[in-house]
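Residue numbers (this note's numbering), protein chains in the order written: chain E, 264 to 468; chain V, 264 to 468.
Just so you know, the hints here were simulated from the structure itself, not pulled from any lab data.
For each residue, glycine too, the CB sits at the ideal point set by N, CA and C.
Don't take each hint at face value.
[Said to hold, decoys possible] Ranges between beta-carbon positions, derived for each pair:
1. G407(E) to S352(V): 33 to 39 Å
2. P313(V) to R400(E): 33 to 39 Å
3. Q460(V) to R306(E): 30 to 36 Å
4. A339(V) to Y317(E): 40 to 46 Å
5. D302(V) to Q460(E): 35 to 41 Å
6. A456(E) to T331(V): 32 to 38 Å
7. D367(E) to D459(V): 32 to 38 Å
8. D449(E) to T467(V): 44 to 50 Å
9. P313(V) to L334(E): 21 to 27 Å
10. I397(V) to G447(E): 18 to 24 Å
[Claimed, not checked] Taking lysine to aspartate or glutamate and the EDC-like style, the derived pairs with C-alpha atoms no more than 20 Å apart in a straight line are:
11. K464(V) to D324(E)
12. K464(V) to D302(E)
13. K312(E) to D302(E)
14. K278(E) to E353(E)
15. K322(E) to D349(E)
16. K464(E) to D459(V)
17. K327(E) to D349(E)
18. K327(E) to D345(E)
19. K312(E) to D285(E)
20. K464(V) to D399(V)
21. K464(E) to D335(V)
22. K464(E) to D324(E)
What follows is each chain in one-letter form.
Number of protein chains: 2
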Amino acid sequence: MTDAKMPRMTRIQQKNRDLIMDGALNVFSANGFRGTTIDQIARSAGLSKPNVLYYFSSKDDIHKTLLTELLDMWLAPMQQIDPAGDPMSEVLGYVAAKMRMSRDYPRESRLFAYEILQGAPHLTQILGGGLREIVDRTVMVLQGWMDDGRLARTDPRHLIFSIWSMTQHYADFEIQVRAVLGRGRDPFDEGQAFLDQMYRKLLTP
Amino acid sequence: MTDAKMPRMTRIQQKNRDLIMDGALNVFSANGFRGTTIDQIARSAGLSKPNVLYYFSSKDDIHKTLLTELLDMWLAPMQQIDPAGDPMSEVLGYVAAKMRMSRDYPRESRLFAYEILQGAPHLTQILGGGLREIVDRTVMVLQGWMDDGRLARTDPRHLIFSIWSMTQHYADFEIQVRAVLGRGRDPFDEGQAFLDQMYRKLLTP
DNA sequence: CTTGATCCTGACCGTTTGGTCAATAATTCA
DNA sequence: TGAATTATTGACCAAACGGTCAGGATCAAG
């Protein structure tokens, strides 16, 4: 689904577009859209500014492409929840997966955080459309488990919000977290342990 | 502590500085620091750009002043936790207070969210200094309650992180929350109910 | 090697932006 | 009232920024 749509893509095109996406992710996630210049992206990608604009028509184009390319990967963990699995394991597994995302892909987390904060100018369709459907599907699964008495009753949608906010907090506000915890501690390990305990307690029937 | 330090402040100065602070809060919280122009602040305040720069020396100055002026108010709820009060009520009261802040002061929430996301260029001192002390004090109180068996054991610092992230999520990512919930629902009321239930369950010994 | 397509860049352009300043208006107060 | 202080603004500047373009370099294929 990723690259099959454009068979006529040179190795150079492939490589440079990848470089630009990575550079753009660096800069956008650190400075937001308005705080990012094409020059910074070019420098981070190791290319010249006009060369960047040879592959993408505008800064907006880069940003939009980056968001849409990363969205699937970003939402993947929720879609891997298995309705046939053990409820507690599935939920805790999802929490752990999201926590791993925050640790391993903080740039992506911040990129989306900026976008939503900004009012999601490039994601409005997805927010009201695809995302809601994905959430609804998960809500059904959770609701089913609760109806079966295999999970304590809670509002499934706010449960999802809580997982999103708490896991992404460790990536988006990492500086604050580290400042409060001090040195020599691993925010992600500790956070993972805390969340595991928290959701086990909350969701045990 | 707020205005007593500068007795020689005209009514006009007082009024215009307030207008600028409010306009700046509007624009900064919506667009972030780099996404904000002095012209936008001036327009939102109903003043001209040079007039804004008559009261503040630079855009940076406006931003810094705004952050420091709002910080106390932002951290107030945590300092109102009463070590002599009932543990569960105090914690749930704090959660409710933070939730009310998200509903009533979403601009402030987003302002700080942008700042932390950005790497807190204007708050580094406060993050490593004052904030940590305030948190430490609260951590002591919580730890005491847990040691006395009046609250279930958890990591107090990560408990605080969870409260911050979940309550502020409803302000910072309000667009996403509303998109997922759909119309006709009150995110803040529902969120408050969810959090109340969640923390009651988590913290009951 | 030749040719056509792809790739790359220095120089450039118009606009936006943070900030300045001299001049004018309004306010304060003796 | 009148002088001194404070408040306000249009015009302006230099730097930064998004984006363009003509022309040259590189590459793939016959």
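Verification of the hints:
no., hint, in the structure
1, G407(E) to S352(V): 33 to 39 Å, "holds (35 Å)"
2, P313(V) to R400(E): 33 to 39 Å, "violated (55 Å)"
3, Q460(V) to R306(E): 30 to 36 Å, "violated (50 Å)"
4, A339(V) to Y317(E): 40 to 46 Å, "violated (53 Å)"
5, D302(V) to Q460(E): 35 to 41 Å, "violated (50 Å)"
6, A456(E) to T331(V): 32 to 38 Å, "holds (35 Å)"
7, D367(E) to D459(V): 32 to 38 Å, "holds (33 Å)"
8, D449(E) to T467(V): 44 to 50 Å, "violated (28 Å)"
9, P313(V) to L334(E): 21 to 27 Å, "violated (44 Å)"
10, I397(V) to G447(E): 18 to 24 Å, "holds (21 Å)"
11, K464(V) to D324(E), "violated (47 Å)"
12, K464(V) to D302(E), "violated (51 Å)"
13, K312(E) to D302(E), "holds (6 Å)"
14, K278(E) to E353(E), "violated (37 Å)"
15, K322(E) to D349(E), "violated (45 Å)"
16, K464(E) to D459(V), "holds (14 Å)"
17, K327(E) to D349(E), "violated (37 Å)"
18, K327(E) to D345(E), "violated (31 Å)"
19, K312(E) to D285(E), "holds (15 Å)"
20, K464(V) to D399(V), "violated (24 Å)"
21, K464(E) to D335(V), "violated (34 Å)"
22, K464(E) to D324(E), "violated (45 Å)"
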